[in-house]
Amino acid sequence: MAEAKPKLALYWAASCGGCEITVTELGMRLVSLAQLVDIVFWPCLMDFKYSDVEAMEDGEIDVCFFNGAIRTSENEEMAHLLRDKSRILVAFGSCATEGCIPGLANLFDAESILARVYDTAPSVDDSRGTRPITSFTVPEGIIEIPTFYEQVFTLAQTVEVDYFAPGCPPVVDQVWNIFQTFLSGELPERGAIIGVDPKTNCDVCPREKGESGYRVREWRRPHTVALDPDRCFLTQEVICCGPATRAGCGLPCISGNMPCRGCYGPPEGVIDQGAKLLSAIGALVDTDEPETLSQIMDTIVDPAGLSYRFGLANSLLSEIKYGARVREDEV
Amino acid sequence: MADHISQTQSFADQVRAIPGGEHLEMCYSCGTCVSKCMIQQKVEPEYNPRRLLHMVIMDMERQAFESPTTWLCSACDLCYPACPQEIHISGVIGAVKDLAVRAGYESPLDTVSVEESRCSGCGICVMTCPYEAPHLIEKQLDGELDRLSEVDANLCMGCGICVAACPMGAISRPGVSNEELREQLRVPASDGAPRMVVFVCDWSLRADADVTLLESYAQNVHIIHIPCTGRIDPEMALLSLRAGIDGVLVCGCAPGECHYKRGTVVSSCKIGLLDRMLGQMQMGNGRGLASHPVRFVQIGTQDRGRIRREVDTMLEHLVHSKEAQ
Ligand code: SF4
Ligand code: SF4
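The listed protein sequences derive, respectively, from chains L and A.
Under my numbering, the final residue of the first sequence carries the number 331; numbering is consecutive throughout.
Under my numbering, the final residue of the second sequence carries the number 325; numbering is consecutive throughout.
What the hints contain is simulated information worked out from the structure, not anything from laboratory work.
All of these numbers come straight from a predicted model, not from anything done at the bench.
Even for Gly, the Cβ is constructed at its ideal location relative to N, Cα and C.
Heads up, some of the hints might be wrong.
Stated by the list, open to error - Simulated coverage check for chain L against chain A, where a stretch passes if three residues somewhere in it have a Cβ under 8 Å from a Cβ of chain A:
(1) 203-213
(2) 290-302
As the list claims (entries may be wrong) - Just a few of them, taken from the derived set where beta-carbon distance is under 7 Å, the chain A residues facing chain L:
(3) I57
(4) D59
(5) M60
(6) Q63
(7) S120
(8) C122
(9) M127
(10) R242
(11) P255
(12) C269
(13) K270
(14) L273
(15) Q280
(16) M281
Stated by the list, open to error - If you want the ones that stay clear, here's a sample from chain L, every Cβ over 12 Å from chain A, calculated:
(17) C16
(18) L36
(19) V37
(20) Y50
(21) S51
(22) L114
(23) Y118
(24) V171
(25) E186
(26) P252
(27) C253
(28) E268
(29) L278
(30) A280
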């Protein structure tokens, strides 16, 4: 009998679907991947039911790529289920790794988000104060829908994770490398962040860096500036998250003449990406007048969204606001 | 002395020839600069710009090179507007230091070092340093040509502004490295009283009474001495809050009076942005943090006793918000 092919699962929780699209962008490589592995679960592309996964033995899936953050009780249930059924669980993409865009919801509480969606959004013209109810009795029985959590969690705040592959989404060549790594059987050390470089984007960015004494008196938004493609964005009064962001993406934004937005997360050894970014850009500011200083700060329209666009759920800010989440397996 | 120092030009002439050195002769020894200087008052009684100028005029080269005045001046320029002769004293001192370095003397200060394997060559330290001490160099590292920061130890004044600014945490300064400061963030709980950390720049406290006062607080108010508020980054403040500390007060000099020129500006910008972020985060809803739990205050050199009021006000605020819960 031919040797069994490794079993692969891909799942999406609270995510936009971009991570799934990156996998399909493998193109012909996806076809060869499909020959090397058995895809046993991939609800985005193939017809599987949760009951198919429930029917599996524990550890039956060799590798599960889990994208998306944990936003609802369904996300959490699936995280536990796939953890049990998978030998290796990979947090795939920024949402699973650090919360990403869904994690920005941690700026608010659940009720104010629901109120926005059901009452005050411009597209709602007849607010009746509707809220989702999670359990509803009909003649045939009880219908239940998942609950919407008070905060967004990362995958590792929910279950034990073996590897992390950040990126919004992870770039396609890195995705291919990651698949190859698992197929080769030569696994990195558990807990490793994969498909990345140790230092930051500045390390690989070819742009000319700033000089001694460079000072900023106003930050400008990228669309308002004719950007020089050869000079560091910071020297053009435009905030780039590159200094605080792990390299590995191959600089698609920066080579497209747009500043890095930070999706690969903090570099090795850095606890809080947003705080470090804030510290770096604050260090460039200059003025002796408190009033002007406040005006300079005003030019950063949304400091939390800028510094934590991808990392809020995994940040010190979230931990301070909600307290640390202790996982069941850690108790 | 080193042979490259010209035999024909006197020491004083060499100082005069360096930009900043040209006003040497104008000093008439009133000593106003000495009375303005924080270094003389706080760290080194031997510190004396007036005397240094005269050493130069009298060609006392070796004494000038060995004088603490040559090395300790941080060019804060508190003395400059006070000098009746409008001598840019820090410029003259800088000219002497320049010659001293060329003659092979080394700075006695605690300066920073860059961990090369962590530096990503972003240039943030290069841009922010008030003394133009770091610069980017190309260097072979692990078989590859890498762009790295290198700090000129003779220019570095040890303020720590770059330590806080470096997004890689690649720079450290003895006594106030990231690790050493984090170690200090453990404030013991004391029967329900709010816990508070005060990062205080020692230059901002002119009166001895203020310094002594800081030691008199109970253990729930933990004082951490730093060379400059520029050393404090938002991560340090957030780590404090995560460690269960209720409030963080960062005390620095007034604008224009910062001992390291720009520490107080960059720090108030960072803490200001952090405060806005904490507001965006609606912190109060969760653990019940006080409003504005991280604050920055600027204490002018004439503001004696102000530190006590600031600490007490914040403490009171923290007590109130604890009670309100
Ligand atoms: S700020 Fe840090 S990472 Fe950037 S060049 Fe300086 S030492 Fe290197
Ligand atoms: S410690 Fe201060 S003076 Fe020294 S290199 Fe850093 S910023 Fe410059």
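Evaluation of the provided hints:
Counting residues of the region 203-213 of chain L whose C-beta lies closer than 8 Å to any C-beta of chain A gives 6; at least three are required, and the coverage claim holds. Under the rule that three or more residues need a Cβ within less than 8 Å of chain A, the assignment of the region 290-302 of chain L holds, with 7 such residues. Taking 7 Å as the C-beta cut-off, the interface hint given for A:I57 is violated, the closest approach to chain L being about 31 Å. This hint is violated: A:D59 has a C-beta 33 Å from the nearest C-beta of chain L, more than the 7 Å allowed.
At a threshold of 7 Å, the smallest CB-CB gap from A:M60 to chain L is about 32 Å, leaving the interface hint violated. The interface hint given for A:Q63 is broken, as the beta carbon of that residue sits about 31 Å from the closest beta carbon of chain L, more than 7 Å. This hint holds: A:S120 has a C-beta 4 Å from the nearest C-beta of chain L, less than the 7 Å allowed. For the restraint placing A:C122 at the interface with chain L, the shortest Cβ-Cβ distance is roughly 4 Å, inside the 7 Å limit, so the hint holds.
A least Cβ separation of about 4 Å between A:M127 and chain L falls short of the 7 Å threshold, and the interface hint therefore holds. Given hint, A:R242 at the interface with chain L, holds; its Cβ is 5 Å from that chain's nearest Cβ, closer than 7 Å. The beta carbon of A:P255 comes within 5 Å of a beta carbon in chain L, closer than 7 Å, and the hint placing it at the interface holds. Given hint, A:C269 at the interface with chain L, holds; its Cβ is 4 Å from that chain's nearest Cβ, closer than 7 Å.
With a least beta-carbon distance of about 4 Å to chain L, the hint placing A:K270 at the interface is held under the 7 Å criterion. Against a cut-off of 7 Å between C-beta atoms, the interface hint on A:L273 holds, since the closest Cβ of chain L lies about 5 Å away. Taking 7 Å as the C-beta cut-off, the interface hint given for A:Q280 holds, the closest approach to chain L being about 4 Å. Annotation: A:M281 was flagged as interfacial toward chain L, and the flag holds, the nearest CB pair being 5 Å apart, inside 7 Å.
With 12 Å as the threshold on Cβ separation, the claim that L:C16 sits away from chain A holds: the shortest Cβ distance comes to roughly 22 Å. Under the 12 Å C-beta cut-off, the non-interface status given to L:L36 relative to chain A holds; the minimum distance is some 33 Å. At the 12 Å boundary, the C-beta of L:V37 stays outside the reach of chain A, the nearest C-beta of that chain being 34 Å off. Its beta-carbon lying about 32 Å from the closest one in chain A, L:Y50 satisfies the requirement of being farther than 12 Å from that chain.
Every Cβ of chain A is farther than 12 Å from the Cβ of L:S51; the closest lies at roughly 37 Å, confirming the non-interface assignment. Every CB of chain A is more than 12 Å from the CB of L:L114 (nearest about 15 Å), matching its label as outside the interface. For L:Y118, the condition that its CB be more than 12 Å from all CB atoms of chain A holds, with the nearest at approximately 20 Å. Look at L:V171: its CB is around 19 Å from the nearest CB on chain A, clear of 12 Å, so calling it non-interface holds up.
Every C-beta of chain A lies more than 12 Å from that of L:E186, the closest at about 21 Å, which supports listing it as non-interface. The non-interface label for L:P252 is consistent with chain A: the shortest C-beta to C-beta separation is roughly 18 Å, beyond 12 Å. Separation of L:C253 from chain A is adequate, the least Cβ-Cβ distance of about 16 Å exceeding the 12 Å criterion. Once the 12 Å rule is applied to beta carbons, L:E268 is inconsistent with being away from chain A; the minimum gap is 8 Å.
Residue placement check: L:L278 does not keep its beta carbon more than 12 Å from all beta carbons of chain A (closest about 5 Å). With a closest Cβ-Cβ approach of about 4 Å to chain A, L:A280 is found to fall inside the 12 Å limit, against its non-interface label.
Checked against the numbered hints given earlier, the structure breaks hints 3, 4, 5, 6, 28, 29 and 30 and satisfies all the rest.
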